[in-house]
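Residue numbers (my numbering), protein chains in the order written: chain A, 78 to 195; chain B, 596 to 873; chain C, 13 to 162.
What the hints contain is simulated information worked out from the structure, not anything from laboratory work. None of the values given here were measured: they were computed from a predicted structure. Among the hints, erroneous ones may be present.
[What the hints assert, rightly or not] In silico negatives: residues of chain C with every beta carbon more than 12 Å from chain B: (1) His62; (2) Val78; (3) Phe92; (4) Gly161.
[As the list claims (entries may be wrong)] Across the chosen pairs, the derived CB separations fall in these ranges: (5) Arg167/A to Glu717/B: 18 to 24 Å; (6) His62/C to Lys622/B: 41 to 47 Å; (7) Leu110/C to Pro617/B: 45 to 51 Å; (8) Val65/C to Phe625/B: 48 to 54 Å; (9) Val65/C to Phe132/A: 18 to 24 Å; (10) Arg167/A to Leu110/C: 25 to 31 Å; (11) Asp711/B to Pro126/C: 28 to 34 Å; (12) Pro126/C to Lys606/B: 24 to 30 Å.
By construction, the Cβ of each residue, glycine as well, lies at the ideal position given by its N, Cα and C atoms.
Okay, here's what each chain looks like letter by letter:
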Amino acid sequence: MRESTLWLMHLGAGAVMLVVLGIHFGVMHTGGLIGIDRTEVLTFASVEARSGQLFYVVVYLTLLVVALYHGLYGLRSILFELSAIGSTLRRTINLLLVLAGWGFFFYGAWAILAGYLG
Amino acid sequence: MTEQAKGCQDKEMTFRIMRYDPDKDAKPYFQQYKIKLQHGMTILDALMHIKETQDPTLSYRKSCRMGICGSCAMQVNGFPRLTCQTQVTEISTDTIEVRPLANYPIIRDLVPDLGDFMARHESILPYIIREDHQEQNNPTGEYSQSPAELEEYLQFAYCIKCGSCLAACPTNATDRKFTGPQALAAAYRYAADSRDGGLAARLDTLDHPNSLFRCHYAGACSEACPKGVDPSLGIQLLKRKLFQKKILGRGQKPAGMAQTPAGIGRREGIPQAPEKTV
Amino acid sequence: MKFPDLKSKTHPNFKGVPGWVWAGRYGIERQLYILQRMTGLGVLLYLLMHLIVTGQKLDQSSWEFVMGQVNQGLLPIGEFLVFAGAVFHALNGIRLALVHFGFLMRQPGRPIYPFTVAALGQRWAVYSVFIATAAIVGYGGYEFFIVAGH
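If we strip away everything but chain A, and leave its shape as in the complex, we get (with noise of 0.2 Å):
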């Protein structure tokens, strides 16, 4: 894929971010404004009742994916930066953070589809 493809997936997965990450924020640091209690946002209950709704579900889902992507995205420019690296690294790099990011959202989605359904 071309760098202008990769680096514009890389703002517009940003640009989703606002959204989910905003309600994630909105819900965990700022709920008070919608009624949330802070106190009770993070025991067992109230993250047991989050999980079966299929709306943080969705949220969830759509964040692990684009702010890994965003991420590791970010963290691939850092490393190309860093030096004068050739094409082979810069390959290795790639594979890399490929897997990293297959990793983590296996690993995350897992936990949020078995929250849901189980």
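Assemble chains B and C onto chain A, guided by the hints.
Chains B and C only, in chain A's frame:
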């Protein structure tokens, strides 16, 4: 001479200059020189004065001494400047530190190696690219361009290739393959030229992991530019142009030939253009 | 006959990673560049740890154990700093996304001395980022430290 100028006249200044001789020194070191300030003295004048009166081995690069050639850019107190355009009195410290431009290998003392810099400039194909090669090689007239179209790129054509922008750019501090603000702004200069149709030909260089998208808009290149070129503006506009072409398919159609006004003759006394010799 | 190597010996004079971090005498956009980078790395590191921690939510005893662990010592302060960093990163990211496409800035013109830079045209956006970050983080801090008593 004003009172202020008289006050400057005999002031003693210390210059802390980075020295490096690749045949003798393992790494650069600093050497100090004291000189008496003269009215109107620039940093470059001071370096020439030191070379003439104290140390003939001091090496630096200069040519025009009036901010046109771009040879004498150096780090003055940590900031890239054209030394011929920087008055000693502009610098408020009593000791002035002069180093070669950062982010370029040092050939000797204050002389940076600009070889890679020029190669990067070449890599973006810095010339008008069109398909009408016959007309380009044997012009029969002028290409049409309005004053408004000229102003879209004129600012970026003022670059004198002094290299200050790369010395300021944080990406260039580590990434030796980064195309750099000078070449990217030059790419915009041609991409924005209404006579050019070569953006697609430049994509191999621009749409590369070490090129256009490694600019994160720190803006330091624009602050360092001594000619008001504002490379960071050019780079962001180049991104816009690239996506206009890639996503919207809005490529630039190169301007056609300007129409010669009809019924206008040559005024008396104005000679004909000379015959082509090549 | 062996020709001498005409390639001159040089000393690399690259600023390296300290050149990212030390913004020197450049403007506010240059300082925000490194802040954006540091907050981005911090939030990414937190994201990966956060994924591992929240993976424990399937079992009540595991969840209560990890929640007990992450509420020890200075960790809640670290969590709040990540929240503040993420808010700044997001708001500054909006400014950067607009700037990357040439919006908010003065458009090209004839460079007339004394030269100015197009970045000045988007300074209002820089200050807006500061104000909005302070407002959101301020309210988040009230909930975090006062309401929840971390």
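Consistency of the hints with the structure:
no. : hint                             : result
1   : His62                            : holds, 25 Å
2   : Val78                            : holds, 35 Å
3   : Phe92                            : holds, 26 Å
4   : Gly161                           : holds, 39 Å
5   : Arg167/A to Glu717/B: 18 to 24 Å : holds, 23 Å
6   : His62/C to Lys622/B: 41 to 47 Å  : holds, 44 Å
7   : Leu110/C to Pro617/B: 45 to 51 Å : holds, 46 Å
8   : Val65/C to Phe625/B: 48 to 54 Å  : holds, 51 Å
9   : Val65/C to Phe132/A: 18 to 24 Å  : holds, 22 Å
10  : Arg167/A to Leu110/C: 25 to 31 Å : holds, 29 Å
11  : Asp711/B to Pro126/C: 28 to 34 Å : holds, 32 Å
12  : Pro126/C to Lys606/B: 24 to 30 Å : holds, 26 Å
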